[in-house]
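Visitor: Read top to bottom, the protein sequences are chains A and B.
According to our numbering, the first sequence holds residues 1 to 131 in order.
According to our numbering, the second sequence holds residues 1 to 290 in order.
Quick caveat, the hints were computed from the structure, so don't treat them as lab data.
Any given hint might turn out to be false.
Unchecked claim - If you want a taste of the chain A side facing chain B, the calculated C-beta under 8 Å gives, among others:
id : residue
1  : Ser28
2  : Thr44
3  : Asp69
4  : Leu78
5  : Phe88
Unchecked claim - Cβ-to-Cβ under 10 Å is the rule here; a few derived chain B residues that face chain A:
id : residue
6  : Ala42
7  : Tyr45
8  : Ala51
9  : Asn55
10 : Leu56
11 : Gly58
12 : Phe151
13 : Phe211
14 : Glu217
15 : Leu222
16 : Arg225
17 : Phe232
18 : Ser233
19 : Thr277
20 : Thr278
21 : Leu280
Quantities reported herein were computed from a predicted structural model and do not represent experimental measurements.
Glycine included, every Cβ here is placed at the ideal spot set by N, Cα and C.
Single-letter residue listing:
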Amino acid sequence: MATFKFELVSPERLILSVDADQVDLPGSEGDFGVLAGHAPFLTTLKTGIVTVKAGGVASRIYVRGGFADVNAAGLSVLAEKAVPESEFGPAVAAAEIAAAESLLADAKSEGAKDRAVAALGDVKTAVTALA
Amino acid sequence: MASLKELKNRIASVKATQKITKAMQMVAAAKLRRAQEAAVAARPYARRLGAVVANLAGAMAGRDDAPRLLAGTGRDDVHLLVVCTAERGLCGGFNSSIVRLAREHAASLLAAGKTVKILTVGKKGADALKREHGDRFIDRVELRGVKSVSFDIADDLGRRIVDLFEAGEFDVCTLFYSEFKSVIQQIPTAKQLLPVKVEKSATVSEANYEFEPDEAEILETLLPRYVSVTLFSALLENAAGEMGAKMSAMDNATRNAGEMIDRLSITYNRTRQAKITTELVEIISGAEAL
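Okay, chain A solo, but in the shape it has when bound (with noise of 0.2 Å):
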């Protein structure tokens, strides 16, 4: 099967690079996967789980706050937080719901309540997912 560049990045330092067989990203405008010669593409993500095939071994990542460049170089996520599966235990998400709590206890528009709770909403389906 044909591979494709994967990058996951985060402000600090790269976090993963690896020929990926396919990727599933849980985009703004809803989930998507991407397979070698994706169409050029860019969009942003939801707080989720990035699923990364390569090689025959699935692994799952936390992403929080990113977005997604796929272009002909390859995939890259630029995500603001980026945790792996191995990595993710209760405190880390108690941090990360506490996060998006006090983001929706600053909200003062509607607007921004709503991102809020969506938001909320989207940590504590990762959590679930991930426990």
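Given chain A, put chain B in place with the hints provided.
Guide: Relative to chain A, chain B alone:
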């Protein structure tokens, strides 16, 4: 001429100072390596984001619905200077060169009749600008006690600046920091933060991108992050630069202390010899007199 005892004390004190500067140099060298690694590790994200924003901005150019963060307020009256310096001194001309650049910039803006507001990050910059521009400060952020710059700090700061911009507090924001060229070379740099100015790269608009949601909405979320990331890399470069400057400053200090010890030791030995000679002369002439 100083007495022997005084000289001895001087030598001891210079030696103690040398030990301290030597230790500081070594600490700075260790921290420099870590800071440099952090700065290098942060580069892929900044580069990617820069490329994506450039791409999007190219697609948005000339359109009416371009976000304000990109298009600006259409005015050029109120300038916000964000001056990033170190928390501590003893790092040669590092802080003062950043402050000098900011001060020149502020002076030329004031001369052109613009309003200047200042936000300082780091204690040293605030101290240096306080006397001249104290009334123009909108805030001073101190990062004392922060071991290593994390993205959250930069993000908080970036959000604050964006909020101020949205609230119409200023029209143009310029960031002052020191670019880390090498251990011995840091270049004080001024960079326009807002409205976002994208560096035109050759690879812009390579393909027909599909955007989801549309360009404007993506930019809406990307631009604040771009501001934060720019700040973040400036802070990281600063941290590395500070340590580099401190290392070379402390290296110089250690060498100077060494020279001083050598000179003092020579004086000490000469004085000691002179004293012995005098004593001998006294004894001999005393014996001859008998």
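Visitor: Would you mind marking each hint as holding or not holding in the structure?
Guide: Going through the hints against the structure:
1. Contact between serine 28 (chain A) and chain B, as hinted, is supported at the beta carbon level, the nearest pair being about 7 Å apart and thus within 8 Å.
2. About 6 Å separates the beta-carbon of threonine 44 (chain A) from the nearest beta-carbon of chain B, less than 8 Å, and the hint is met.
3. For aspartate 69 (chain A), the shortest C-beta to C-beta distance to chain B is roughly 6 Å, which falls under 8 Å, so the interface hint holds.
4. Interface hint status for leucine 78 (chain A): upheld, as the beta-carbon distance to the closest one in chain B is roughly 6 Å, under 8 Å.
5. Restraint check, phenylalanine 88 (chain A) versus chain B: the minimum CB separation of about 18 Å is more than 8 Å; hint violated.
6. Against a cut-off of 10 Å between C-beta atoms, the interface hint on alanine 42 (chain B) holds, since the closest Cβ of chain A lies about 6 Å away.
7. Hint status for tyrosine 45 (chain B): holds, given a least beta-carbon distance of 4 Å to chain A, under 10 Å.
8. Here the hint on alanine 51 (chain B) is kept, as its CB sits about 8 Å from the closest CB of chain A, short of 10 Å.
9. A cut of 10 Å between beta carbons decides the hint on asparagine 55 (chain B): the least distance to chain A is about 8 Å, and the hint holds.
10. Evaluation of the leucine 56 (chain B) hint against chain A yields a held restraint, the C-beta minimum of about 8 Å falling below 10 Å.
11. Hint status for glycine 58 (chain B) relative to chain A: violated, with the closest Cβ pair at about 13 Å, above 10 Å.
12. The beta carbon of phenylalanine 151 (chain B) is positioned within 10 Å of a beta carbon in chain A (closest approach about 4 Å), and the interface hint is therefore held.
13. The interface hint given for phenylalanine 211 (chain B) is met, as the beta carbon of that residue sits about 5 Å from the closest beta carbon of chain A, less than 10 Å.
14. The interface hint given for glutamate 217 (chain B) is met, as the beta carbon of that residue sits about 8 Å from the closest beta carbon of chain A, less than 10 Å.
15. For leucine 222 (chain B), the suggested interface contact is upheld, since its CB lies about 7 Å from the closest CB of chain A, less than 10 Å.
16. For arginine 225 (chain B), the interface hint holds, since its Cβ comes within 10 Å of a Cβ in chain A; the closest pair sits about 7 Å apart.
17. Evaluation of the phenylalanine 232 (chain B) hint against chain A yields a held restraint, the C-beta minimum of about 6 Å falling below 10 Å.
18. Interface restraint check: serine 233 (chain B) against chain A, minimum CB-CB distance 9 Å, threshold 10 Å, status holds.
19. Interface restraint check: threonine 277 (chain B) against chain A, minimum CB-CB distance 68 Å, threshold 10 Å, status violated.
20. With a least beta-carbon distance of about 69 Å to chain A, the hint placing threonine 278 (chain B) at the interface is violated under the 10 Å criterion.
21. At about 72 Å, the closest approach between the beta carbon of leucine 280 (chain B) and any beta carbon in chain A exceeds 10 Å, and the interface hint on this residue is violated.
When the structure is compared with the earlier hints, violations turn up for hints 5, 11, 19, 20 and 21 and for no others.
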